[in-house]
Amino acid sequence: MGKISRRKFLAAGVAGAVAGSIGGARSAWAAPKLQGYPDGMGVLVDLTRCIGCRTCEAACNAEHNLPAPQEPFDDLSVLEKESHNGAKRRTDESAYTVVNRYEIPGSDTPVFRKMQCNHCNEPSCLTSCFVNAYTKTGEGAVIYDPEVCVGCRMCMVACPFYVPAYSYSSALNPLIVKCNFCYDNRLVHGQPPACVEACPQEAMVFGHREQLLAIGRERIRYQPDKYVDHIYGEKEVGGTAWMYLSGVPFEQVGFDTTLQKEPIISNVKGFLGMVPMVLAIWPALFTGFHMLAKKRERNAAADCQDDKKGESR
Amino acid sequence: MKRLVKNGTTPLDGPRPAPDKQPWTFKEKLLLGLSLRDYLSQAFRNPLNWVAAVILVVGLPVIVSRFIFGLGYVTHASNDYPWGLFLGFGLFCMVPLSASGFLLGTTVEVFGRHDYESIERLALLNGLLGYLFAVVYLLADLGQPWRLPYPMVVSWGPAAVLFLVGWHVATYLSVQMAEVSASFFEWVGWLAGKRFIRRIALGLTTAGIILSTLHQGALGALFTYAPGKVHPLWYSDEFQWVFFFCSSIPAGLCMVIVVSTIIKRTMGWRCDSNFLDNLDRLTIGLAKGASMGLVTYFTIKLIGLAHDNEWAYLATSWGGLYGMEMLMGVVVPIVLFAYSIRHNKVGLARFAALLTVLGIVLNRLNTALFTFNWNLYQELPHIGEIIIVVSIFTIYLLVYRFLLYRLPILYTWKEETVVEEAVVVIPSAEKPSETQSLGEVSA
Ligand code: SF4
Ligand code: SF4
Ligand code: SF4
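Same order as they appear, the protein sequences are chains A and B. If you use our numbering, the first sequence corresponds to residues 1 to 313, in order. If you use our numbering, the second sequence corresponds to residues 1 to 443, in order.
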């Protein structure tokens with residue numbers, strides 16, 4: 001709770017800055033609500049169960065009428081594909097989710113990892129967007145409003161999981177492309193997402209985030225040899241709605257294990273907190289300087305009137 | 001133009017000399033008081049115009065194709081590098097180099113250092129054009145540039161740093177327009193407007209200081225949204241905005257030195273003695289300011305290193321890049337400035353200023369582009385992006401020169417107090433069509 005009010009305070013700070021600088025803008029907007037919803041939904045992905053069949057990719061593609069992929073979904077060779085720069089496949093303008101294959105050093109069974117938006121509790125895509133295009137819904141989804149997006153791509157810079165993609169190929173209506181937790185057609189009705197439902201391995205569990213954490217802990221406790229003792233997403237960047245269990249160290253399957261525990265917005269608070277101070281102190285400070293300078297000028301002018309006149313005109 | 005002036009032509013720099021008191025027509029003003037033939041022939045003689053023409057012949061079609069075929073046509077369409085050169089150079093480099101306006105404004109209007117007045121207008125214009133073209137680059141980069149006003153009127157995200165940047169750049173742009181309009185009013189002969197601007201100059205300047213402090217810093221704060229993506233040597237949770245703000249001070253001052261040097265070399269005919277005679281002394285003065293800014297910047301960079309305990313990174317190849325940037329852009333200029341100030345070596349100070357400007361550009365590119373995604377992979381900008389950036393920069397230089405040739409920036413407009421009133425009335429009364437085209441130019 002303390003956190004929330006701090007956020008609000010910061011938001012008010014920037015808002016104040018703007019109001020101050022444009023002189024009397026109406027302050028009739030609401031600060032964005034950024035709390036993680038306690039009864040939000042989530043998904044627990046168990047990497048030990050995933051066999052890399054791409055069924056989830058296909059299901060998502062069908063659910064959202066996305067363009068047909070370059071390689072059909074039964075072509076599993078793409079799982080090893082790397083782009084020209086050595087990076088694994090990632091979400092792009094035609095895929096909300098992708099599965100990649102990782103070879104594990106010292107083991108001959110590869111591990112597969114599905115990636116999509118993790119639906120952060122305090123999403124940095126949301127907090128960084130200057131037109132407030134993102135919403136964290138009560139159900140836990142982070143959804144995007146294509147009507148207001150300007151296309152600055154700040155959210156792509158800000159997302160620590162490299163999730164949002166941009167439809168660069170469109171000239172007239174390029175938009176952010178991102179998994180929306182199947183919000184409109186499923187989540188609002190309490191149904192699990194298409195990818196979760198389609199998975200033949202039941203590698204994913206859909207449920208309340210709190211329950212999922214309990215399930216995750218349970219699995220780790222029952223089979224401590226099978227799992228790494230960590231639920232990825234429980235704490236990372238303030239917690240995410242989609243979380244992962246893994247049998248191998250997370251960094252070996254493409255997770256960033258160096259992420260901070262605090263939400264990304266907390267890095268920005270130093271600057272945001274400074275804004276109202278500059279607004280309050282600067283005008284007085286510089287008016288003071290100006291008056292000092294004026295005074296000096298007058299004194300100097302009084303001292304040697306003729307000389308000074310020419311110089312300081 | 002140089003040659004014409006040598007042969008006795010006086011470039012237009014005030015009301016038409018007596019005996020005939022006819023005010024200049026707008027066309028005459030545009031042509032610098034030359035005949036159309038003379039004007040064109042001097043333009044064709046200038047080799048720089050040919051270079052610019054070649055660049056634009058290549059560049060303009062690429063710019064047009066960006067808007068017809070979308071961003072993907074001229075960039076790598078990278079989802080990992082959402083920001084390329086357009087913002088990396090256009091926004092993150094142009095804005096600090098345009099801090100000159102608020103710095104010199106503060107020096108003259110707030111601190112009352114009227115001896116800097118002869119260079120103040122140049123600094124203001126430099127600031128205005130820098131911001132203007134930063135917005136042009138932004139328009140090239142935005143996926144839907146026609147939605148640029150959205151953060152102002154359609155949907156507000158007031159907790160976002162970019163929101164603050166957007167608002168501030170927009171307001172500051174108007175502040176700078178007002179500041180520079182003083183010279184424009186002199187040129188068109190509307191002295192009431194000029195007097196009004198003079199009266200509110202202090203207010204404008206103070207607004208400029210506040211807005212500049214905040215958005216220069218905000219550009220740095222943008223990167224605190226991507227803590228793991230920018231290399232730790234270029235990143236700091238707490239200090240990022242301080243780095244950006246602090247380095248914008250030497251950047252802005254040195255930009256004025258560099259620009260004034262180029263002007264002195266290539267456009268001497270346009271400067272009056274007030275500008276030329278004071279320039280060397282003011283350059284040293286600016287150099288003093290810049291070196292103080294650089295020393296502060298260097299100190300907080302070191303504090304940043306120590307605070308986040310990043311010494312180990314210095315031994316990596318990233319450390320090499322960092323070392324090069326700091327050495328070339330900060331340490332060497334500090335030493336050169338110190339020497340040149342002591343021994344009054346203006347040429348050396350100018351060289352140091354150039355180094356500083358390049359150093360800041362390198363710093364911003366490093367932060368936004370080169371070290372971005374440092375543990376992912378590196379990507380060089382697409383050729384289309386480079387062409388567009390160079391073309392827009394060429395247009396920037398052409399506009400810059402166009403204004404310097406005409407507006408009383410480098411010279412003092414010769415006022416004839418008696419004619420003042422007449423100047424106000426006649427052009428608008430007799431030549432309505434010209435006042436119209438005048439509106440277009442100012443828009
Ligand atoms: S994973 Fe990225 S895109 Fe998804 S909510 Fe978090 S920050 Fe936003
Ligand atoms: S690209 Fe769109 S959604 Fe993303 S930050 Fe910019 S305006 Fe917001
Ligand atoms: S939750 Fe829905 S939108 Fe997201 S990856 Fe799964 S199917 Fe696609």
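It cannot be assumed that every hint is accurate.
[Claimed, not checked] With a Cα cut of at most 35 Å, we get these calculated DSBU-like pairs of lysine-lysine:
no., chain 1, residue 1, chain 2, residue 2
1, A, Lys-294, B, Lys-288
2, A, Lys-81, A, Lys-294
3, B, Lys-29, B, Lys-264
4, A, Lys-295, B, Lys-29
5, A, Lys-294, B, Lys-27
6, B, Lys-29, A, Lys-226
[Stated by the list, open to error] Quick list of the computed label-pair ranges, beta carbon to beta carbon:
no., chain 1, residue 1, chain 2, residue 2, range
7, B, Leu-376, A, Glu-80, 14 to 20 Å
8, B, Phe-111, A, His-64, 56 to 62 Å
9, A, Pro-146, B, Ser-273, 28 to 34 Å
10, A, Gln-201, B, Leu-302, 52 to 58 Å
11, A, Asp-92, B, Ala-43, 46 to 52 Å
12, B, Gly-268, A, Lys-294, 46 to 52 Å
These are calculated hints, taken from the structure and not from any lab test. All values derive from a computational prediction rather than experimental measurement. We put the beta carbon where it would ideally sit given N, CA and C, even for glycine.
Checked hints:
1. For the given pair, Lys-294 of chain A sits about 23 Å from Lys-288 of chain B by alpha-carbon distance, which is consistent with the 35 Å threshold.
2. The suggested pairing of Lys-81 of chain A with Lys-294 of chain A is violated, with an alpha-carbon distance near 70 Å, which exceeds 35 Å.
3. About 22 Å separates the Cα atoms of Lys-29 of chain B and Lys-264 of chain B, which keeps this hinted pair within 35 Å; it holds.
4. For the suggested pair Lys-295 of chain A and Lys-29 of chain B, the alpha carbons sit about 41 Å apart, so the restraint of at most 35 Å is broken.
5. Distance check on the hinted pair: Lys-294 of chain A and Lys-27 of chain B sit about 42 Å apart at the alpha-carbon level, beyond 35 Å; violated.
6. Restraint check for Lys-29 of chain B and Lys-226 of chain A: not satisfied, since their Cα atoms lie roughly 83 Å apart, outside the 35 Å limit.
7. Evaluation of the 14 to 20 Å hint for Leu-376 of chain B and Glu-80 of chain A yields a pass: the beta carbon distance comes to about 18 Å.
8. Range check, Phe-111 of chain B to His-64 of chain A: Cβ separation about 60 Å, and the 56 to 62 Å hint holds.
9. Distance hint check for Pro-146 of chain A and Ser-273 of chain B: the Cβ-Cβ separation is about 59 Å, which falls outside the suggested range of 28 to 34 Å.
10. Taking the beta carbon of each, Gln-201 of chain A and Leu-302 of chain B are about 53 Å apart, inside 52 to 58 Å as hinted.
11. Separated by about 48 Å at the C-beta atoms, Asp-92 of chain A and Ala-43 of chain B satisfy the suggested range of 46 to 52 Å.
12. Look at Gly-268 of chain B against Lys-294 of chain A: about 35 Å separates their beta carbons, and that is not inside 46 to 52 Å.
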